[in-house]
Each structure stands twice: as C-alpha cells, then as structure tokens.
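Q: Chains as they are written, first to last, in this note's numbering: chain C, 1 to 470; chain F, 1 to 470.
Just so you know, these hints were derived from the structure itself, not from any lab. These numbers come from a predicted model, not from an experiment. Check the hints yourself; a few may be wrong.
To be verified - If we take Cβ atoms under 7 Å as the criterion, some of the chain F residues that face chain C in the derived model are:
(1) Y14
(2) V112
(3) E115
(4) S160
(5) A197
(6) C353
(7) M450
(8) I451
(9) L455
Unchecked claim - Below, simulated BS3-like cross-link-like pairs (lysine-lysine); rule was C-alpha separation at most 25 Å, straight line:
(10) F:K326 - F:K269
(11) C:K76 - C:K453
(12) F:K326 - F:K76
(13) F:K449 - C:K62
(14) F:K62 - F:K222
(15) F:K326 - C:K76
(16) C:K449 - F:K326
(17) C:K453 - F:K326
(18) C:K76 - F:K449
(19) F:K62 - C:K449
As the list claims (entries may be wrong) - What follows is a list of derived Cβ distance ranges for each label pair:
(20) C:S114 - F:T185: 45 to 53 Å
(21) C:I110 - F:D61: 26 to 34 Å
(22) F:R411 - C:Q40: 30 to 38 Å
(23) C:D136 - F:D61: 43 to 51 Å
Every residue gets a Cβ at the ideal spot worked out from N, C-alpha and C, and that includes glycine.
Number of protein chains: 2
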Amino acid sequence: MSIAHLTEKSPEEYEYPATIAALQKQFGDRVLTSDAVREQFGKDESFHPSKWPHAVIKVHDKEEVQQIVRICAEHKTPIIPHGAGTSLEGNVAALKGGVTIDTSEMNQIIAVHSEDFDVVVQPGVTRRQLNEYLRDTGMFFPIDPGANASIGGMASTRASGTNAVRYGTMRDNVINVEAVLADGTIIRTGNRAVKSAAGYDLTRLLVGSEGTLAMITEVTLKVYPIPEAISAAVCTFDEVSDAVNSVIQIIQYGIPIARVELLDSLTMKSINMYSKTDYAESPTLFLEFHGSENGVKEQSELTEEITKENNGGKFSWTSNTEERTKMWRARHDVAWAGKLLHPKGQIWSTDVCVPISRLADCIGETRQDIEETGLLAPMVGHVGDGNFHLLLLVDHENQEEVEAAEALHHRMVLRALSMDGTCTGEHGIGYGKIEFLEIEHGAAVNPMKMIKKTLDPDNLFNPGKIFGMM
Amino acid sequence: MSIAHLTEKSPEEYEYPATIAALQKQFGDRVLTSDAVREQFGKDESFHPSKWPHAVIKVHDKEEVQQIVRICAEHKTPIIPHGAGTSLEGNVAALKGGVTIDTSEMNQIIAVHSEDFDVVVQPGVTRRQLNEYLRDTGMFFPIDPGANASIGGMASTRASGTNAVRYGTMRDNVINVEAVLADGTIIRTGNRAVKSAAGYDLTRLLVGSEGTLAMITEVTLKVYPIPEAISAAVCTFDEVSDAVNSVIQIIQYGIPIARVELLDSLTMKSINMYSKTDYAESPTLFLEFHGSENGVKEQSELTEEITKENNGGKFSWTSNTEERTKMWRARHDVAWAGKLLHPKGQIWSTDVCVPISRLADCIGETRQDIEETGLLAPMVGHVGDGNFHLLLLVDHENQEEVEAAEALHHRMVLRALSMDGTCTGEHGIGYGKIEFLEIEHGAAVNPMKMIKKTLDPDNLFNPGKIFGMM
C-alpha cells in the first residue's frame, strides 16, 4: 500500500443515481448526500484519506438495514457498514462509492442477562456506553481498543486491546450476532449457550470479516464480574529488552495479569508532553491485576519479583480508581500525544503480533531499524499477547520521509511474518494491508475469496477491503 | 432421526471401482477392503449402526492425504476423515460409502513450543498420548471429552468436556490447522500468533465442521502450565436442584473452577456397580480446583460455602493424584457403567447446552419427563457450561422403548432450544441431529450450505453429515 497514489474522492465511474432515488423514496431526507457528510463518513482515524460514499443513512433497526440492503442489492450498489469510524486501515472508506450505513443511532442495549453474564446490544453501542450502562450491575465489558469504538465495528474488526491478555479478543467474547446477508435474509449465528457443536461457526466467520460478508445488526457479548480487587502499577527499565523479557516471563509463569503494556522512551516523552505527567522517560510497563484481594496481592508480588530480576525499577502503585483511570487515559492518548513530537507529522498507526518467544527479537530488530531510518516512531504494545504498535510520524509532504516510512513498515510486517506472526493483531486488513494478507495466508486466501463470492456474489459489502477489488 | 430406519450397509447404488483401482495403483495393499475393516471404520461409539466405506487407508503425512483427496476428487468419491472413532452422532459413518482416511498412525507430535505454550501435532495424536508426551514439560492439554479421542477428531467436532468451564473448548484452543481442501490444495489457516485480525477466521470455520469442508492434517494447540496446586472434591445433595443451583452460583460468583460435574442418583448407582466404589447414591458434584496453593484454598472454601447454603453435604476431598485419577476415571466410565443398569440396553448418548440461568429448569423438566416415560436415563453434565448429557438406555428390539426414547429425546432437544440453548454442546450434528440443526439455526443454515457447496462442490467430504445429503 503506497500512501502516494491514494486519491481523495471516489472514482467517477461509480455513480448510483437509481439507488439514491430509490433510497430517497423510502427514507426521504434521511438520505444524506452533502459533501461534508460524505467526506466525514469516508474517513476513519487513520492516515488513509477520505473515500466518499454517495450517501449516508442513519439507521435504527434491522428492518431499515434490510430495506437498504435490498435496494442496494437491486442496483448493485456498495454498502459500507459504519460504526464509530475509529478504524485504522481505511476500513470505512467507500472505495467504489455507494451507501454508508451509519449505526451510531442504532445504539440500544437490548438485554442484560446478569445471571448468564451476557448482554445483547445493537451494533452502534460504544464500549464506553456499554460500560457506563453496566456500572450498577457489578459487571463490565473488558475489551478495550483505546478508542471509544462501537461494538459492531469491534466485532467486524476482531478488535482487542489492553485487556486481551486476560479476557481475549472479540473472537472470544462475541457469543452470537444477528446480521443481514447480501440477499436481504436476516440470520442469527447462534444462541446464548456458551458453547455449541451445532454446525459451522458463522459467529467467528463474521467476527473479523470487516463488513465484507454481511451487515451486523445485533451482537450478544460476554461480560464479566467486576473484580473484587484491581490494582495497577508502573515499572520503568533502562532497556526495552528487559521490559520485554519481564513480560515474556510473566506470561510463561502463567500469572493471569489483566493488562501489561509496553511504552518505549519516546512514547513516555510524548505522554509527559501531552498529559502533563512526570513519568520517567524510559521504557515502561503499565500493569494491572484483577482478582480477589489475595489473588491480586499474589500476582503483583510475583510480577514484581520477575521485573526486579530483569533490572526493573520499583513498582509505582496507582491504587485508587481515579489515578488508574488517568494512567490508562494517558496510555490511550498516545496517538494524540505522538503528534506533538512531529508537528508536521501525520500518524501512521500499524500493528503486528508474534509468538511471545519471538517478541524480544521482533521488537529489538524493529527498534534498530527505526534508529537506522532516523524516523520518529513511538512504540507501544499489548505485549502480553505478543502484539505491538508503531506510530510512524510522517510528514506526507516530505516524499523522502513517506518512502522511508513505507519501507520501514514493509520490513516490520515481513519481519513479524517471518517469525510465524501475523501482519495485524487487531487493526484488520482494511485496504492498507492487502498485500500482506496474501503473503501471510498464501493458498488460504483463495477459500476466503470463495466464501466472499458465494455469500456476496455482487460484492456489495464493503468492496475493496481485505482482498482488494476482486 | 429415527433409529428404526437405519440400515447396516451402504446403499448399493454407491460403488467406486475406478477409485479403488486408482488407490490400489498408488497405495498397493494398504488399501484395506475386508468386511471386518469396513465394518469397524463405519461405526463410532454411538448406537448408530455401521455404514461401511468401500475402503480404508491408513495415512502418515499430508502428501498421502493429498494424493487420496485428488484421486477421490477425480472419481467423485466420498472421503471420510477418521480419528479415534469415538464420536457419538455417527460422524464417521460412510453414508454413501467411499474412502475412509484413517489417521491413527498419522500421530507424530511435531513441535512443542514451551515458551509459547503451544504444540503442533498430526491429527491422529490422541489427547492421552499428548498429555503423556507433555508430562515432563510441566504443561498439559486440558480438553477432556472423556474418550481418548484424537486431536483431529476433537477439532472437527468442536469437542470440549469436563475442563471446558475453565479452559474453553476446541474452538478456543486450536490456534491454527493445516488442511487439504477438496481440490487438493493444502492450506494453513493461521500462524502461531495468539491473536490476529488478518482475514476470515478459517480456523474456527474448520473447527466444528465435522470433516465436511476439508481434511485436517495438522493442528496447532494451546497448552497450559500444570497448575501449582490441584484439588478435587465430591459433594452430595438430596435434591438435583440444589446441586444445580450450587453450580449456577459458583459460576455467577466468578470462581474459576476447573471442573464441576453433575451426576444424578442413577449415575452414581451405576458407577458404584461398575467401578466398585461406595459413593452415596444421590445427586453429586465432582469438583476440581486449579491454581496457586492459596488460590485453590480460596476457591474451594468459597465453593464449599455455596454448596452448604444449598444443602450440600460436607466436601469429601481427594487430595492425591491417584485418588483424583480414580474419581475422574469413574466419571469417564459412566457410559460403560450405565450398561449395567439395563443388560439389554444400548446406550443412546445425547447432549444439549443452555444458558446457565435456564439450567435448573431444563434439567428439572427433563428429569420429570424421564420419570413420566419410565425409561432408564442416567444424567451427567458439564454443568458449569450449562451442558448436560442423557444416557438413554434403550433395548433396540423393544419397539415401544425405542419410540419412547425417540420422543423423550425430541422433547429434550426442543426444550433446550426453547431456552435459547443449542441442540448439542459438544457431540456435534453427525447425522443424528440434522433435523435439530435446521430448527436451531433457521435461515443461517443456508449460508452454511453455501459455504459447503463452494468449498466442496462435489460433496466429497463426509457427505450426509450436518446437513443431510444435499
């Protein structure tokens, strides 16, 4: 994927006047076609420029989604499902124009089954909205990609984040979905039993399919009891390798740590600039422990022993909720913080994930590579999963910088693949990583495409994503 | 599914002389065609009668599987993947004859990545073989369906068992698979990263597909550190409902119990007869706790408090490995034990799974139903998952008994479905539960069939399973 040859608008050959007319007949002035709206909805939080849909419609229920899908199917018009727009690989860009279905007002929490630890939500519910709603129930939804993403978007991207080392990813936490297929059929992929051996796992097929197979209209999610005790700590190191080796040993020891995030020196510097904190500007781990009072004590003592053996500093504890929230807010704001390091720079956020045994090598070689390029690229990571991110700070008007970043990115992803890792742990393919999907999956891309073609023969759903234009 | 209209042999219209000749050219006298072998491989451990394949070939590597698939594809001949033959819904029956691929000697443990807690195995490796191999590494593979099933079979059936409440099912523990598709292509569905957002989740699509989409030739599995402490206990109750309510509260309290099995009075009676034990013949929970010394103590104290509040008896602890093994052996032998209750009876083992909030109702109504029929049907269950089994003891020569059992079974499955549960938690559909798949998944069966048809257009792989003959 080259940044250079992206254009700002949808190619002119795609025009869908009959679709727009049919939609207007049904939905009246709810069919939004202003330039401002189209531009906004064609863009996510990544550096990928906006690719405009022809229209945007806010929906409220599955019947409306079904009506739009049927109209678009009749006129062979692309449909782009849209959640909170927080994706990072251009996943919401309307590469062939078409109709964006905005789920931001399809945000009802339909049921909370507290005895079963599950909730049923519409796709536009955001993770913060869900957790605010759940607060008084003693339960929470742990998946936390940083951004206040929508549940539908998170399911579609197979998102994860800081808590995944303990609670898994969307793959593990979506119990079933309801979705509208390309022919307008509404299906439900499962029921509320926590396990089933009945038929193909359509739930897991739709989770991570980035809106290319169906439009998700409802999600049933696992939720968890809020732990009796939570404690968080910050630990600094002189060397990144010592921090990484600590994490590897924490995981290998089987400590059920809830969060363990690596932030390198540059990231810590940017956090101090942005969040007005006074953290040491050296490689740092942010840690969090969940459990019973005794369990948390045991976990954190063991963890501190491990970090000490790896030359880590003393744990700085953040015991109350407010301090803890501030710490994780600082972690989540690293993208904004990074911008301060390079005023002309746009952020190119990318992630890879490798087996934990290769994490130290992968991070070490990548850091050396960054130093050799002279680029600014803070590194942060959900390292308990072997997953880390680079925030490449790139001035898109500086061709040399753009090319150096592209080459660095390419080497980083190939490095992860050569270590039996994946080209993306949690951002998805979108249209930014298509070339790497091919390298990673080889012959397995073909059955994926066959599934896409049989379920969506006219390539209505989010065309151009994951596989390119087909 | 009616027991009555099953026939013993494959229909005569299916004959594949050209396939057999081509296989013999390639594999010589490794192509087994004796009646004894065909009969053996056409049958699993269920009551479903043997449906013979035309030939059986033991394979050793993926290249041999690929050769057989190519020959069978050329001649449009069914391929039935075969592991240990321990399935329970006729999953290995050759309904249209064809070629059974026996993986029992494709049983190499290819790699143990102890730093990453994963292992790579050929599909014929059994779970006991794997755990014996792992013993000295300090790791174990927790999924335990009772039978000494093969890993390939367990992946194909999305198996689980006693430990699933803590460690999940095969869905959660298969990291990736290698498989041969119907066109002979060999694919790998993923890499060894613990999470990925790259493309469709073909791993989860093949897990649970019962050999209908591809033939699995290698499986990468999660393994776990052997817990520092393990302790097990037996607790008896006067009423099944008290036992069930205890389990519901244990789960709702968030206690990370490793195993919690319900055995009803009839099951306990059969265990005492078979295993020469002297357990109380009343509703019983078998419990197991894994963790640190303190963690196990804390978990078990909390659990005992809960069972006491629900009128449970004192915990009888089995602290050493030998006693614990004996207890779980007795649990796993309930199928054999059940036979002693009804000398002319064959065992019809079936399972359903419901949300835990409905478990007490589902078990209660099912028990009442059993009593009203007068059938013998011991009940056991992985109740922490909401999953339970009936062992219907049926004299197949007694038409009245057969009909009563069929009707009871039908009511039990529909009851579970009406409670937002599934028609099978872990046995799979095979060809015994096809009618229920349709009821459970409704419109979602069609996309499943579309996937089957596009990936296996000639219906080579295990035809007649999950969807019927198509």
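Q: Hint by hint, say whether it matches the structure.
A: Going down the list of hints, with the structure as the test:
1. Y14: violated, 25 Å
2. V112: violated, 12 Å
3. E115: With a closest approach of 4 Å, the E115 (chain F) hint holds.
4. S160: holds, 6 Å
5. A197: Hint on A197 (chain F): holds, closest Cβ of chain C at ~4 Å, below 7 Å.
6. C353: Result: holds, 4 Å to nearest chain C Cβ.
7. M450: With a minimum Cβ separation of about 5 Å from chain C (threshold 7 Å), the hint on M450 (chain F) holds.
8. I451: holds, 6 Å
9. L455: With a closest approach of 6 Å, the L455 (chain F) hint holds.
10. F:K326 - F:K269: Holds: K326 (chain F) and K269 (chain F) sit about 16 Å apart, inside 25 Å.
11. C:K76 - C:K453: holds, 14 Å
12. F:K326 - F:K76: Not satisfied, since the Cα-Cα distance of roughly 48 Å exceeds 25 Å.
13. F:K449 - C:K62: Distance of about 24 Å is within 25 Å: holds.
14. F:K62 - F:K222: holds, 22 Å
15. F:K326 - C:K76: With a Cα-Cα distance of about 64 Å, the restraint between K326 (chain F) and K76 (chain C) is violated, given a limit of 25 Å.
16. C:K449 - F:K326: violated, 50 Å
17. C:K453 - F:K326: Between K453 (chain C) and K326 (chain F) the Cα gap is close to 53 Å, so the pair fails against 25 Å, i.e. violated.
18. C:K76 - F:K449: Since the Cα atoms of K76 (chain C) and K449 (chain F) sit roughly 24 Å apart, the hinted pair holds (cutoff 25 Å).
19. F:K62 - C:K449: Given pair K62 (chain F), K449 (chain C) holds - Cα atoms ~24 Å apart, limit 25 Å.
20. C:S114 - F:T185: 45 to 53 Å: This hint holds: roughly 47 Å between Cβ atoms.
21. C:I110 - F:D61: 26 to 34 Å: Because 50 Å falls outside the window, the suggested range is violated.
22. F:R411 - C:Q40: 30 to 38 Å: With a Cβ separation near 55 Å, R411 (chain F) and Q40 (chain C) fall outside 30 to 38 Å, so the hint is violated.
23. C:D136 - F:D61: 43 to 51 Å: violated, 58 Å
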